Amino acid sequence: MLDVEFAQLSDTGRIRKHNEDYLGWVVPATPAEARTRGWLFALADGVGGQEFGEVASRTAIESMISGFREAPPGEPQLALLPRLVQAANAAVLDAGLTGTPGGTNMATTMVACALRFDRAVVAHAGDSRCYLIRKGHVNVLTRDHTVANEQLRLGILSARDAAAVDARRLLTRSLGTSMSVNVETGEHQVFPGDVLVLCSDGLHGAVQATDFARIIMPNRDLELAVRDLVTMANTNDGSDNISVQAIRIRSVERVGMYRGRPYKLH
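To convert, take the position in the sequence shown, counting from 1, and add 18; that gives the numbering used here.
Since the hints were derived computationally from the structure, they do not count as laboratory data.
None of the values given here were measured: they were computed from a predicted structure.
Backbone N, C-alpha and C fix where the C-beta goes; we use that ideal spot for every residue, glycine too.
Where hints are given, some of them may not hold.
Straight-line C-alpha distance at most 16 angstroms; calculated EDC-like pairs for lysine to aspartate or glutamate [as the list claims (entries may be wrong)]:
(1) Lys-153 with Asp-229
(2) Lys-35 with Glu-80
(3) Lys-153 with Asp-212
Computed beta-carbon distance windows for the label pairs [to be verified]:
(4) Arg-34 with Thr-116: 22 to 30 angstroms
(5) Leu-96 with Pro-49: 20 to 28 angstroms
(6) Pro-90 with Gly-204: 20 to 28 angstroms
(7) Pro-49 with Ala-97: 17 to 25 angstroms
(8) Asp-239 with Asn-157: 17 to 25 angstroms
(9) Leu-242 with Lys-153: 16 to 24 angstroms
(10) Ser-269 with Asp-112: 35 to 43 angstroms
(11) Arg-32 with Ser-196: 31 to 39 angstroms
(12) Ala-50 with Leu-188: 41 to 49 angstroms
Construct the complete structure from the given sequences, taking the supplied hints into account.
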């Protein structure tokens with residue numbers, strides 16, 4: 019059966035006065051729930067410069083958690099996660115329209131990871147990321163939805179220019195800004211020993227990906243590892259809120275799919 023351990027930490031940083039990031043998770047209560055629903059981890063970063071960013075991020079995560087818990091058992095996570103992100107988008111938009119007289123602007127990024135059997139489904143909108151650490155190598159499973167990254171993809175900017183340009187944090191997608199959001203979703207096979215890292219740009223903008231693998235070593239305590247990552251981000255920069263969730267895969271249950279239903283592989 020799939021089994022995981024995880025640790026998380028959210029820090030205000032050295033400059034900002036309050037934390038606009040928000041974290042959430044759902045752990046199955048029974049082995050049956052692990053097989054029919056699985057685990058959920060989600061991180062949201064309230065958009066800086068907007069009003070009530072902390073309300074937007076909390077609203078998005080609470081919507082994700084409640085939707086995941088109420089989802090029909092066995093619903094494929096590849097369909098479930100983007101549906102839940104769309105519902106979270108609607109919840110943030112509604113909170114902005116009804117939260118104050120005349121409404122207010124609020125928005126948030128979102129990255130979510132659902133785990134079941136031997137698969138991880140990652141859905142995101144914005145520039146919060148998910149990394150996969152496997153045997154000391156780090157791969158980013160998401161792509162930043164920013165103006166700079168889109169210009170890099172189109173060949174308008176070089177990688178060096180994209181990292182330095184002012185538009186590197188200007189989002190092209192976020193929750194709460196329109197009636198629907200274009201959710202990017204991917205499915206990945208996981209193996210024992212893999213570590214998935216969800217983080218806000220306060221972390222990945224200040225800490226190199228190679229440092230992720232160096233700090234989150236095999237068998238190292240995850241609580242200490244995430245604490246060290248946040249400390250490094252504060253030392254290197256600290257100008258933004260810093261949030262991270264680290265999920266280590268202890269064991270998996272290999273399955274195949276037939277007509278949308280899983281079956282155990284031997």
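Comparing the hints with the structure gives:
no. : hint                                     : verdict
1   : Lys-153 with Asp-229                     : 14 angstroms, holds
2   : Lys-35 with Glu-80                       : 23 angstroms, violated
3   : Lys-153 with Asp-212                     : 7 angstroms, holds
4   : Arg-34 with Thr-116: 22 to 30 angstroms  : 27 angstroms, holds
5   : Leu-96 with Pro-49: 20 to 28 angstroms   : 22 angstroms, holds
6   : Pro-90 with Gly-204: 20 to 28 angstroms  : 22 angstroms, holds
7   : Pro-49 with Ala-97: 17 to 25 angstroms   : 23 angstroms, holds
8   : Asp-239 with Asn-157: 17 to 25 angstroms : 23 angstroms, holds
9   : Leu-242 with Lys-153: 16 to 24 angstroms : 21 angstroms, holds
10  : Ser-269 with Asp-112: 35 to 43 angstroms : 40 angstroms, holds
11  : Arg-32 with Ser-196: 31 to 39 angstroms  : 33 angstroms, holds
12  : Ala-50 with Leu-188: 41 to 49 angstroms  : 45 angstroms, holds
The earlier numbered hint that this structure contradicts is number 2, and it is the only one.
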